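Novice: Read off the chains here:
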Amino acid sequence: MDIVGPPLQQLLRRIAETPADFLDEPRIGKKGRLEVVALVNDCLRNKGYNPDAAWLKHFISNNPRADRNRLQIVAMTTWVLADEWFSDNPLHELSLISMLQNDLALLAESIQRDQCLHDSERCEEFARFLLNCLSLRPEGETELQAIDRLSALSSTERQRLLKNSVEAERRAREIREALAKKAAQESADKHTRE
Amino acid sequence: MNPFQDDQRYPTLSQVGASMLHFLSEHPQAPVYRNQSGNKLTKNDLEILNRFEHDLRLRAVDWDDTRKPTWLKEFVEQVYSNVPHYRSQGAPPQFHDIHTITRAELSHDITDFVPDSVNAKRMIAFSTTGTSGNPLTIPSHPRVAAMYLCFHRRALRRLGIELTQGPSHVGVVLIGFQSRCFTYVSVTPQLAECGLAKINLHRNDWHNIEDRGKYLDALNAELYTGDPLSLSELMHVPLQTKPSALISVGMMLSAGLKKQFETHFQAPVLDIYSINEAGPIGVYDSTLNGHLLLQPDLFVEIVDAHGNPVPSGERGEITLSGGFNFCLPLLRYRTGDFAAMSYTAEGPILTGLAGRQPVRYKTATQQWLNNIEITHALQHLPLAQFGLHQALDGALTLKLAPVSMTHAKACSEALEKLFGLQSIKVVKIATEDKIMQYTSDLLDAHT
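These protein sequence lines are chains A and B, in that order.
Going by my numbering, the first residue of the first sequence is number 1190, and it counts up by one from there.
Going by my numbering, the first residue of the second sequence is number 2, and it counts up by one from there.
For the record, the hints were derived by calculation from the structure and aren't laboratory data.
Warning: the hint list may mix true and false statements.
[As the list claims (entries may be wrong)] Using 25 Å as the maximum straight-line C-alpha spacing, the simulated SDA-like pairs for lysine to any residue come out as follows:
1) K1352(A) with D117(B)
2) K426(B) with A446(B)
3) K74(B) with T43(B)
4) K1371(A) with T184(B)
5) K1371(A) with T43(B)
6) K1352(A) with S82(B)
7) K1370(A) with Q95(B)
8) K1370(A) with R181(B)
These figures come from a predicted structure and were not determined experimentally.
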């Protein structure tokens, strides 16, 4: 978040004004009309990058259950990135690629595209999330303010903490069960017993 | 068909190893073996153990009061990234800013201290009740259990003793002496399947009490290990054979009893400071006047009540970092045992080792005496176990192991001399568990 980005309000407005074309049903298998892969390709080319055909396959899917929400969020992101601020300011290619491929997939696990449109907190989270992925902070905010605000809003952070705590509990249970087993308590040979 | 074939307990058992198990368990004078254990070591484990043993022979404890161990920084980083209790605290601070932990923390939730990298499927457990009121189950691994032998060999080698390899003899007999005791037979693959037996000398475990001597003579073990109580009982067993050495662990061994053991068994006795949480830590050497540290990968600090290291030579709590139990890497773990640290050409030594928090006693002339002075006053007597308690009115009660009651008068005299004209009540220890050695009801007794 070390670079000053656009004003937050500008992004929130842009998200609220997402055209119907970008909200159309993404193409998955033979259903849907919105070719998200084409949107991603255009987005990167407009920024001066030449995406690899193999890499673009990340945005083609036959699995609506796994990919529908993700592709919807990616489509809306390409609309946000078409904002004039992003046209006037260079974006780091690797950050952009990583965001489109990985970060948005993570976000899609904890937030629905429609929430980004209709729920003001999720809308702000979405905007701040995009800026954070691109190492940007909203104009008028310090880095610390931007981090604090995103942490307070972050669904992915909540999801991560929840996942970690579930995983930690599973691991603790596994160890407790292993130690409680008769085989473990029979122990193994030591040459002395304290 | 090998009747002892058991891939879980003895994954690499050969026919000759099986013969040893048969000999140990089916001998006409054998005790009742109540449990089963096993080395549980795979071929891969044995290769790792061989390398460990080889490296250990070449390594010394490489730190002193001017420099920390070379491996410590990397170890701390690994613990902070791989152990849940520490990972949740973020980046590692400076070493001395790391909070010390005690048995109470481990006892509260041991799973929080097991690294993510440890495969729970092969985990084993050692349970301890201790004397601090915090029962604890120590997560361990068959390889960790087997590594005890490597450190014992290191200690024995200092006396010029090399353990014999091969399935034609019994390597070690672990001696217990309790009404109930975990007993079993096994073989030690690191020593080419020599025999191992863990026995209980209590009459409950024998068809005929006379069998104890006959059986142990038949085994003719190279090594006996036990605590001062069980080894004291072993002295009552008439033996025609003699071991190469004895190892005493688990309780303080007085100089008087050590000398008595050595005279009786005509073999050297190693007094090893060993705890379940960390394994064999040090071996006593009378010429060094302390316990020489045995583990190159264990950093030992002596700290004050606040966890700050005390100057070399000053007494404090023994605090451990590192160790060989990869299921429970320790980081500034306060053992509850007390000593001072000094440094010799052979490595660091713990001097004046004593279990548990120091306790002060009031003499007849209202002077304070530290418990270490009690230890010194009774050091010359061959006591298997003792405890001293001071009541609110200043009255002293000395508790002695039943086997040590013959020394009651000599103990009273030694303590009366130390305390002035007080009379000391002497009672027999009723429990079979370890007791708190030094206790007091006086308000200012715990400094």
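Novice: With reference to the structure, classify each hint as holding or not holding.
Specialist: Verification of the hints:
1. K1352(A) with D117(B): 15 Å, holds
2. K426(B) with A446(B): 19 Å, holds
3. K74(B) with T43(B): Violated, at roughly 32 Å.
4. K1371(A) with T184(B): With a Cα-Cα distance of about 15 Å, the restraint between K1371(A) and T184(B) holds, given a limit of 25 Å.
5. K1371(A) with T43(B): 20 Å, holds
6. K1352(A) with S82(B): 17 Å, holds
7. K1370(A) with Q95(B): Judged against 25 Å, a Cα distance of about 38 Å means the pair is violated.
8. K1370(A) with R181(B): 21 Å, holds
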